[in-house]
Structures are given as structure tokens and as C-alpha cells.
Amino acid sequence: MSGVRPTKGYLMEMKRRIGFIERGCEFLKLKRDHLAKELSASLDILKGRRKLLLNNLKEAYDALTAAYISLGPTEVDSQASSVKSALQLEVLPRSVMGVRYPYVKIISKPQITTDLDITLARAAEKIYEILEELVQLAEYEARAERIADELGKTNRKVNALENTVIPNYKQVIKFIGSKLDEESLEELVRMKRIGGALASRRK
Amino acid sequence: MKLDLTYVVIRAHARIANLLNHQQTQRLTESKDVQEFLDRLAETSYGRISIEGAEVVPIALEKVFYEKFLERVLKIIDLTPQVMGDVLKTYYYLRLETLNLKRILRGKFSGLPPTKILESLVPISPYHIRSYNELAELGSVNEVVQHLKGTPYSGVISKLNLYEKHEAIWPLELELSHIFASSIFEVVKSLPGKDRPVIHDIVEFEADIENFLVAVKQRQGPKTEVKLEEIFPTTYGIPLDKLREVMETKDLRKVIQSLGESYVKVLSPIYEGDVALIRTGLRRHKYEVITHARASNEFGFYVIMAYLIYSEIEKDNLVGIGWGKAQGIPSQDLMKYVVIHR
Numbered sequence: 030m031s032g033v034r035p036t037k038g039y040l041m042e043m044k045r046r047i048g049f050i051e052r053g054c055e056f057l058k059l060k061r062d063h064l065a066k067e068l069s070a071s072l073d074i075l076k077g078r079r080k081l082l083l084n085n086l087k088e089a090y091d092a093l094t095a096a097y098i099s100l101g102p103t104e105v106d107s108q109a110s111s112v113k114s115a116l117q118l119e120v121l122p123r124s125v126m127g128v129r130y131p132y133v134k135i136i137s138k139p140q141i142t143t144d145l146d147i148t149l150a151r152a153a154e155k156i157y158e159i160l161e162e163l164v165q166l167a168e169y170e171a172r173a174e175r176i177a178d179e180l181g182k183t184n185r186k187v188n189a190l191e192n193t194v195i196p197n198y199k200q201v202i203k204f205i206g207s208k209l210d211e212e213s214l215e216e217l218v219r220m221k222r223i224g225g226a227l228a229s230r231r232k
Numbered sequence: 080m081k082l083d084l085t086y087v088v089i090r091a092h093a094r095i096a097n098l099l100n101h102q103q104t105q106r107l108t109e110s111k112d113v114q115e116f117l118d119r120l121a122e123t124s125y126g127r128i129s130i131e132g133a134e135v136v137p138i139a140l141e142k143v144f145y146e147k148f149l150e151r152v153l154k155i156i157d158l159t160p161q162v163m164g165d166v167l168k169t170y171y172y173l174r175l176e177t178l179n180l181k182r183i184l185r186g187k188f189s190g191l192p193p194t195k196i197l198e199s200l201v202p203i204s205p206y207h208i209r210s211y212n213e214l215a216e217l218g219s220v221n222e223v224v225q226h227l228k229g230t231p232y233s234g235v236i237s238k239l240n241l242y243e244k245h246e247a248i249w250p251l252e253l254e255l256s257h258i259f260a261s262s263i264f265e266v267v268k269s270l271p272g273k274d275r276p277v278i279h280d281i282v283e284f285e286a287d288i289e290n291f292l293v294a295v296k297q298r299q300g301p302k303t304e305v306k307l308e309e310i311f312p313t314t315y316g317i318p319l320d321k322l323r324e325v326m327e328t329k330d331l332r333k334v335i336q337s338l339g340e341s342y343v344k345v346l347s348p349i350y351e352g353d354v355a356l357i358r359t360g361l362r363r364h365k366y367e368v369i370t371h372a373r374a375s376n377e378f379g380f381y382v383i384m385a386y387l388i389y390s391e392i393e394k395d396n397l398v399g400i401g402w403g404k405a406q407g408i409p410s411q412d413l414m415k416y417v418v419i420h421r
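Chains as they are written, first to last, in the working numbering: chain A, 30 to 232; chain B, 80 to 421.
Everything labelled a hint here was simulated from the structure, so no lab data went into it. Where hints are given, some of them may not hold.
DSS-like, lysine-lysine: derived pairs with alpha carbons at most 27 Å apart [unchecked claim]: (1) A:K113 / B:K195; (2) B:K195 / A:K138; (3) B:K228 / A:K138; (4) B:K228 / B:K168; (5) B:K415 / A:K87; (6) B:K329 / A:K113; (7) A:K232 / A:K221; (8) B:K296 / A:K113; (9) A:K182 / A:K58; (10) A:K155 / B:K329.
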């Protein structure tokens, strides 16, 4: 217990600190529970959406494969370049329990003109249909990932507080308490002895 | 060096025998990746192909297969007697040049830099125009079209108003296809009567199928106020009223059935929604038409034509397989798009 001053002032300071740490720990536990709830909700949504999207993605990818095999990669690239307006996105920050995650806002979607070959137009349509879902899924994945990250961090903090920091403080308080008790007992004995000596002298 | 037709036909026969057979093509589609595909290809007449340092592997492969195909075309055209050589030159070079012009127009339309446009072109030397570089360097679609004045493509200039009206390049692309078809028919007139029908059949059938696909696409898209004659400047076996029906009918099957057996055979994959298989069917149709024509006279012009058509089909197969292998697509999914030489 090096560096510990067994004084009443220090004991009071320690008690104030542990009270503060325990309140912080409670808040962290609340945060952890809330994040766990958020994560499980996000994962449920992700699972459902991903399953739906996987089917649509398969269809879109098959259509794209057909276009590439039918036209050849250079022709696909050439025709795709004639789609003038591209997908424009804005990534904005959002926060849940102080965890920042990206929120993707679609500013403009690509316009499929009639210039595309039918195979490519079909593939483009399929991708166009799932574009919004795909962006939302990416957003949910990023959100779940960040929440899981933060949950891990919070959990580690709570564990450290509960298993190391708070017990250490309690030990210090106990040590100071017993030291102070010891000192006050010694003081009492001393006082008693002095009192006894003074009384016998008066006799 | 122009040689006697019989000699060229015998050379074509020998080269047909060197094309990839069913077993080799199947083995290529079964490769697990691009490297194995290249290794297996090295065991064929193609030899070892190097695509080292390629930015996009499938595009580099496509370029190589185009070059190999064009080498074959050039070698045969070089030997073929004048009139037949001119027909083949028009059929291949004009077709590929119109494809390049379409790519230049698209590039200009979307504002691609000239280097990107030039990279996208089929590797042929200019045929009717002076230089691709010159066209790619021009500032706009308008300038490119105006630059075609004095070439066989000058008809495109008359479609500039439609381009401006619709703010789309399809009128220019359609006109280029129309120019190709009319030029080939013009030059075919110089062939002996017995050698003409198959080229007519192939070019017309291809144009019909492309018209049909455009009509199917119009069905799905928003209704536009474009005149049918503008969308389909040239029609052959599928007339305008049938194309209108395709665009308006609820029962596409009924319209297809009314078109005749060869159309039904090629167009039927549309019932399952697989439009890419229609193009495979079109290639198969070409293959069957020319094989049938070749069988009727094993020592005539059709043998040379057959060799070039088989070579082009082989090139398309290899481009498709190369792309599929780069994407890790299983062989059974690729095989349905492959037309195999038997």
C-alpha cells in the first residue's frame, strides 16, 4: 500500500472517489445494456434484410453476367459510360449512445437511358431496384459494427471497474479504516493510561 | 497476294480443322481460374497468351482474342480473290468500324477522355475513316459526326437533329447499323448469285433480332413519343407492324409464334427472361446457316465465310469464358452461352 496516506482526509477523498466510480460504473452498465439491446435489434434487421437482398443480388448478378457474356466486357464498359448521371451519395454522421455511425443519404440515382443494350438495361434495372436496399444494408452493417465495437469497449471498462478498480479502492479504504481504528485505539489506551497516572498522582 | 479460289477454300478447310473442338472448349470452361484457363489455352493452337501487367484481365483477354481473330480475317482476306475479298472486308471491317464509331460517340457523349475512348476500341486500323485518334480528340458528339462528312458514314449527319431532340445517341447508333447493312447488301451484289443468299440471310436475321430486342426493351421502358420509323430505320423479316405488336402486346409468345420457326428457335429464351441466350441463339443460327450452306458446296465461297464465322463465334466464346473465369463463374453457367463447333 505504498503512497497511501492513512489519514481521515485521504479516507474521505477515497470514499468520494469510489462513490463517483461506482456511479460511473452503473452508467456504463446502463450503456452496455442499451448497446446490447441496440445491437441485437440491428442484427435481427440485418439478418432479415440480408436474406432478402441476397436473392435480389443473385438475380442482379446473373443479369450482369448475362450482359457481360453477351456483349463482352469492353462493350459493357462502353455502354455503361453512356449513363450520364451517376449515383451521388452524402455520408452524414449519426449517433446512438454516443456511438457515431455513418448515415448514407442518396442525393441522386443514375438515370438509365434507352441507349443501353437490352441485356445491360435489364441488369441495370435489377441493380437499380436494390440500390437503395444495398445502401441501407451497408449503413446497418456499419452501425452494427460500430455498436459491437463500442459494446466490447464498454464491457471491458465495466469489467475493469468491477473487478479491479473498485476492489482496489475498497481495499485501500479498508486499510486506511483499520489503520485509523488502530490509531484511535492506541490513542484511547494512551489517554486511559495518562488518565490513570494522573489519578494515582492526585491520590 | 490474291490466290485462286480453290486454293483459298482448301486453306479454309485446313484452318477449320484447327479451330477449337467441343472437347477443348469444354475443358476451357471447366478451368478453375484464369491461370488454368490460360494454361489449357496454351495447349491449343492459340499457344501461350501473355496478359502480364494487364489492369483488367478480362478486357486484356478480349483484346488478345480480337487480335487473334482479326489476324485470321486479314490472312484470309489477303488471299481471297478480289470480289469475295471485298465482301468479306466490308462484312468484317465495316462492322467493326461502325462498332468503334459507336464507342467513340458514346465516349464523347459521356465526356470520357480520349485515351479511355481509344482503349475501348476494337484493335483494327481505320477502314473508311482517316484516324480514330483524330475522332477521339474532337470536343463533342456533334464534331465527331460532322467529321464523318465525305465518308460512307456521312448519313449519320442527317440524324443529328434526332440526337439533339432526344438528347440520346441511339439515333446515331441505329443509323450506323443501317449504313453497315445497306453497304454490305450493295457490295454483295458483286458476288455470283449463288453466293449471295446466305450473307443476306445472316445480316437480315441479325438485324431482325436486334430490332426485336429493342422492341422488347421499349415495352418495359417508359412510353416515348418516338416514331417507329425512327427507332427501326431498317426492317427485314420482322416488319414494323410486328415490332409494334411486340411493343404493345400482353402475349409476347403469340407474336413470336407468328414469326416463323427460325425466329421462334432463337427468341424462345425470352419466355424465361434470359435475353442473353437470344444472342447465343443468334450465333448458333449463324453457325447452322453457314454450315448448311457450306455442306451444299464444299469448294465454294461459303467455306471461307464459314471459317470466318466459326472463328468469330470462337472469339466470342473465349471472351465469355475468359470473363467468366475471372469472375469465378461455374462451367455449367458458362456452357449455356457457348456455341460449340462440332
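Structure-based check of all given hints:
At most 27 Å may separate the alpha-carbon atoms for a hinted pair to count; K113 of chain A and K195 of chain B meet this at roughly 16 Å. A threshold of 27 Å between alpha carbons decides the hint, and for K195 of chain B with K138 of chain A the separation of about 24 Å falls inside it, so the pair holds. This hinted pair does not check out: K228 of chain B and K138 of chain A have alpha carbons roughly 37 Å apart, beyond 27 Å. Distance check on the hinted pair: K228 of chain B and K168 of chain B sit about 22 Å apart at the alpha-carbon level, within 27 Å; holds.
Note on K415 of chain B and K87 of chain A: the hinted pairing holds, with a Cα-Cα distance of about 18 Å set against a maximum of 27 Å. A distance of roughly 32 Å separates the Cα atoms of K329 of chain B and K113 of chain A; the hinted pair therefore is violated under the 27 Å criterion. Restraint check for K232 of chain A and K221 of chain A: satisfied, since their Cα atoms lie roughly 17 Å apart, inside the 27 Å limit. The suggested pairing of K296 of chain B with K113 of chain A holds, with an alpha-carbon distance near 19 Å, which does not exceed 27 Å.
For a cut-off of 27 Å, the pair hint linking K182 of chain A to K58 of chain A stands: about 12 Å separates their Cα positions. Restraint check for K155 of chain A and K329 of chain B: satisfied, since their Cα atoms lie roughly 21 Å apart, inside the 27 Å limit.
In this structure, the hints that do not hold are numbers 3, 6, in rising order.
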